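As they're listed, the protein sequences go chains A and B. If you read the first sequence in this note's numbering, its first letter stands for residue 55, the second for the next number, and so on. If you read the second sequence in this note's numbering, its first letter stands for residue 306, the second for the next number, and so on.
Please note that a few of the clues may not be correct.
What the hints assert, rightly or not - Incomplete in silico selection of chain A near chain B, CB under 10 angstroms: (1) Thr91; (2) Ala97; (3) Gln100; (4) Ala108; (5) Thr112; (6) Val113; (7) Thr114; (8) Glu125; (9) Gln160; (10) Glu162; (11) Ala163; (12) Glu164.
Unchecked claim - Straight-line Cα separation of at most 25 angstroms, DMTMM-like style, residue types lysine to aspartate or glutamate; simulated pairs: (13) Lys87(A) x Asp641(B); (14) Lys87(A) x Glu514(B); (15) Lys87(A) x Asp670(B); (16) Lys369(B) x Glu514(B).
What the hints assert, rightly or not - With the C-beta cut set under 10 angstroms, the calculated list includes, among others, these residues of chain B facing chain A: (17) Gly416; (18) Val548; (19) Leu601.
Treat the hints as calculated values from the structure; they're not laboratory data. Since this is a predicted model, take the numbers as computed values, not measurements. Built from N, CA and C at the ideal position, the CB exists for glycine as well.
Here are the chains, one letter per residue:
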Amino acid sequence: MLQSAGARATHVRLVLVPLLVAAGCGSPPPLDKQLETLESWTATMQLAKERHGAGAITVTYVTQLRDGADEAFQQASTSIGSSARTRADSAYAAAALDSLRNAIRQLEAEIGS
Amino acid sequence: MKKWGELALGVVTSIGGFLEVGSIATSAQGGAEFGYQLAWVLLLGTLSLAMLMEMTGRLAAVSKRTYADLLRERFGYRFFVLPLVAVFVVSLLVLASEIGGVAIALQMATGVAFRWWAIPIALLGWLLLWRGNFSIVEQGTAMLGLVAISFAVGALVLHPTWPTLGRALLPSLPSHDRARYWYIAISILGASISPYLYLFYSAGAIEDEWTIEHLSVNRVTAVFGNVFGGGLAIAALVTAALVFAPREIKVDRYEQIALLLATPLGRAGFVFFVMTLFITCFGATLEIVLAMAYLLAQGFGWNWSENLKPGKDARFSTSYTVLLLLAALPIVLGMDPLSLTNISMVVTAASLPVTVIPLFVLMNDGDLLDTHVNGWPSNLALVVIALISIVLLVAALPLQLLGGG
Chain A
55 MLQSAGARAT HVRLVLVPLL VAAGCGSPPP LDKQLETLES WTATMQLAKE RHGAGAITVT
115 YVTQLRDGAD EAFQQASTSI GSSARTRADS AYAAAALDSL RNAIRQLEAE IGS
Chain B
306 MKKWGELALG VVTSIGGFLE VGSIATSAQG GAEFGYQLAW VLLLGTLSLA MLMEMTGRLA
366 AVSKRTYADL LRERFGYRFF VLPLVAVFVV SLLVLASEIG GVAIALQMAT GVAFRWWAIP
426 IALLGWLLLW RGNFSIVEQG TAMLGLVAIS FAVGALVLHP TWPTLGRALL PSLPSHDRAR
486 YWYIAISILG ASISPYLYLF YSAGAIEDEW TIEHLSVNRV TAVFGNVFGG GLAIAALVTA
546 ALVFAPREIK VDRYEQIALL LATPLGRAGF VFFVMTLFIT CFGATLEIVL AMAYLLAQGF
606 GWNWSENLKP GKDARFSTSY TVLLLLAALP IVLGMDPLSL TNISMVVTAA SLPVTVIPLF
666 VLMNDGDLLD THVNGWPSNL ALVVIALISI VLLVAALPLQ LLGGG
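Only chain B is shown next, with the shape it has when bound in the complex:
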């Protein structure tokens, strides 16, 4: 019974945690400019993330060490600096974007400019981390994040053309504006497969004291949670395809996106959108800053756990305190949250190889995983994800320049 509870909670956590500032923005931009056509990229991103989370979760449950720990132990400190710096820089950008997302939600609700909200949001986040524990961060925000289901309701109310949507789940080439198409595709992948997601998941498995007994929970959580979560992102894209594309509205500012739900669902839709943006971005803010603090603590061998009192892991607690304030700065300075989001999603996509490729080695290490090493289907999937990550690394900068708009 306890296991079923954990399973349900895990799936709900993944659903509620999937949507955030990047996936909402990039799905809306994709739907507005290319209709359903980019749905296949969301599907690809969702499946890739599900695979990566399943593997890092299995790695943590069996080896009792996080992915970051193993990166340092197996590849040495010199190598570890590379993913450490790459993930750190990328996550800081994404963290700033998430704070921007929360700030925009508050601006929409109150009319007070977003830049004034950045520091209060950072302080609220810090207070929750300082006083709360891992369950509050993981489950509290994720449960509230279920409000994102309003995107699915909005899409259904608009009556999408199912056969066209079904066809869009298969890769296709754009009929116009190729650079922009691939730029948005890369942004969607960056939003879907952020390294912080699987680093946080791996650390969460240790925080929740997973063992081999949890492997089935891990599999179901990673697959179903992400597939449902990805479904919500596809619903956001469908809504944009049906509300914005026929009117030729492009998403230039975050504020425009609230019209997506206000059109099919009226006032309730507007309120749900603001709540979704606030809750999902705030949840992601907590997850990212924790993932970064975990990475630092695991990399340098400090004490770490969100379940410990801050005095027991002072360097870990200091890290998330400083990082939250640092990430709030671009928003305080008035940087446009949508531009910041787009840049950070593309940079995220470019950073993937440094965390994806080493995973292949670890997942085939019999000393670590014994009989739970990857089978050939998982290895094949990981090779495909690694190849995609290399393509993203090479293509990210040129597409940012050519299609960034």
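Next up, chain A with everything else stripped away, as it sits in the complex:
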């Protein structure tokens, strides 16, 4: 009896998890994921600036990286507000967006665009 209840629960989970995940696909990603993405692109911009300064990568390639960061910035700008539920969350989100914006500007200054 216990086993069949356990099996039922497992079946329910098997059906529910994909449905819930699928339902979640329409909503913005959680705040921590969006912050991770912004921080990752900020670090990418800093590394690209450093590598370009050392003559390791071309302007053509740096521009593509900048475009990628720009796209991530635009996406986060429109969706991060609805993911931030508290004032502290909003402050984190704003700081992460600011950092990325600054990193993009610094990279643009580096390549002179």
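Based on these hints, arrange chain B on the given structure of chain A.
Same frame as chain A, but now just chain B:
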């Protein structure tokens, strides 16, 4: 002397052919997000592929028939439709990803958006297949693919912590983000054990007219070639672990990955990365489209050989022509090559049982292999690979949903 030449060429071919869009992307993602921790998955994938290639090569050399031929003959046409459709769909996705990889390499070099390169790449591939022969496809691109050794150089320059890397070759559980960890693990396995690799290898053994005399060449090629090739994939993971992980850079776009070699090797590293991506993905494009055309031709009993003039095997030649153009379409339409790669690697992993499980039956068929049937160690390894493939089939979809990001 000729045999040593074949052996060296075979090993070089496997090394140069191992890295491609999937293994570069998934190794970089694994290293960036989990450091060295996923190195054991690459080792597992490499050993599994080496075993599968050795067996399908032995099967072809002894029986003088390809694995696809034998699947149809021994299991009947009704069963054959299952691996045919599964491998066909999966390979088409991987083919599109490889074309995307070549296109991204050209975008990095020229600044022209990747989608504009898809059709020229497909046409170049078609031209090489139409005008060239099997040696050009097998050896030409693989020899050039040795440029991928730059990943090993990059990793060495960064001074990895060897004891930590050694420990990472043993399976371990993640300390964070479990769904993502297993999702990347499945993607790595999908990239390492693609069915097209052993189907192409098996057809290649027939194209190269292997006999029982070639069994030692087969063994050395399959084992050493893949172990060295897998070593390069581990080097890519190590490089990502040392360049991206400390900076908390995650790989969201393919373009980011070039920074991996530009950091330890400077401008040369950037150039080597672009060349590696271009050559290995282009080589894989040719191999996959041939593997698919072989599968169709062998399944339907058409004439087939890359060494024949296209007029002599018209349906085979038409197949690779149409497939190349079809696979270029998602890239022309602007589908993100990295997303396409991740999806196709997970789907590949899920498709493995239909080609791995029947191999167990064939490798124990005395009528086909006589004294060259599997011994117990090979059977044990095949059972383990089959069990892994079943786990991958069951886990692929939930992990795509939970960890796909």
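Comparing the hints with the structure gives:
no.: 1; hint: Thr91; result: 7 angstroms, holds
no.: 2; hint: Ala97; result: 4 angstroms, holds
no.: 3; hint: Gln100; result: 8 angstroms, holds
no.: 4; hint: Ala108; result: 6 angstroms, holds
no.: 5; hint: Thr112; result: 7 angstroms, holds
no.: 6; hint: Val113; result: 9 angstroms, holds
no.: 7; hint: Thr114; result: 4 angstroms, holds
no.: 8; hint: Glu125; result: 9 angstroms, holds
no.: 9; hint: Gln160; result: 15 angstroms, violated
no.: 10; hint: Glu162; result: 16 angstroms, violated
no.: 11; hint: Ala163; result: 19 angstroms, violated
no.: 12; hint: Glu164; result: 15 angstroms, violated
no.: 13; hint: Lys87(A) x Asp641(B); result: 20 angstroms, holds
no.: 14; hint: Lys87(A) x Glu514(B); result: 53 angstroms, violated
no.: 15; hint: Lys87(A) x Asp670(B); result: 52 angstroms, violated
no.: 16; hint: Lys369(B) x Glu514(B); result: 8 angstroms, holds
no.: 17; hint: Gly416; result: 4 angstroms, holds
no.: 18; hint: Val548; result: 8 angstroms, holds
no.: 19; hint: Leu601; result: 33 angstroms, violated
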